[in-house]
Amino acid sequence: MTGKLADQPERWPVHESRDVWRGPAPFAVRNDLISAPGRAERFWRLVMEHPGAVVVLAVDDEERALVLRQYRHPTGTRFVELPAGLLDEPGEDPQVAAERELLEEGAVRADEWDHLNTLHTSPGINSERIEVYLARSLTAVPDRGGFEPQHEEADMTAEWVPVDELVDGVLERRLTDGPLATAVLTYEILRNRARSA
Numbered sequence: 001m002t003g004k005l006a007d008q009p010e011r012w013p014v015h016e017s018r019d020v021w022r023g024p025a026p027f028a029v030r031n032d033l034i035s036a037p038g039r040a041e042r043f044w045r046l047v048m049e050h051p052g053a054v055v056v057l058a059v060d061d062e063e064r065a066l067v068l069r070q071y072r073h074p075t076g077t078r079f080v081e082l083p084a085g086l087l088d089e090p091g092e093d094p095q096v097a098a099e100r101e102l103l104e105e106g107a108v109r110a111d112e113w114d115h116l117n118t119l120h121t122s123p124g125i126n127s128e129r130i131e132v133y134l135a136r137s138l139t140a141v142p143d144r145g146g147f148e149p150q151h152e153e154a155d156m157t158a159e160w161v162p163v164d165e166l167v168d169g170v171l172e173r174r175l176t177d178g179p180l181a182t183a184v185l186t187y188e189i190l191r192n193r194a195r196s197a
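Numbering (our numbering), first residue to last: 1 to 197.
Hint data in this document are derived by calculation from the structure and do not stem from the laboratory.
For glycine and all other residues, C-beta sits at the position ideal for the given N, C-alpha and C.
Misleading hints may appear alongside valid ones.
[As the list claims (entries may be wrong)] Label-pair distances were calculated between CB atoms; the ranges are:
1) 197 x 124: 31 to 41 Å
2) 23 x 124: 16 to 26 Å
3) 78 x 4: 35 to 45 Å
With the hints as constraints, model all of the structure from the sequences given.
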């Protein structure tokens, strides 16, 4: 293969699809009967349909990042996370969603936006694709655009942490949220490349 190493879009034949669960949530679970191209064998694969999400690494002039501490029931853990949210509005631009999430969860607006990374969280079981953004030139705002935290979000706290502390936390396996790790390590690599350029 020539060229740069990259994931390649590909679709295998789906012979049958059965809903396992489909309801009011922005997720669904289905079971697909698939086969490899040119092969007779058929096998079932469980798929969690996911609308996608955005994550925001907001970094201020002191190289501190806005982090949230939020309880996540499936793992029984209060994670250190970044502002994030679902792409549950059909056709919504991911950066617009990122701007909304930063405002709602952090009460912050940013004048500078860069797309840092794209990741699939667990492609063997779900279709979730996360767009990761870097937000700079930040301004605290008093109004969260009408956002009223509920459930776990009502218990969420926010704080500013040095990026270097986040890098150490990821490398020492104390901070394990995947999107946070991707955002922080991508940012650190880009910072190091800029310093050595």
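Assessment of proposed distance window 16 to 26 Å (beta carbons of residue 23, residue 124): holds (23 Å)
Distance restraint evaluation - residue 197, residue 124, Cβ atoms, bounds 31 to 41 Å: holds (37 Å)
Kindly confirm whether 35 to 45 Å is satisfied by the beta carbon distance between residue 78 and residue 4. Since residue 78 and residue 4 have Cβ atoms about 39 Å apart, the given range 35 to 45 Å holds.
Hint violations for this structure: none, all hints satisfied.
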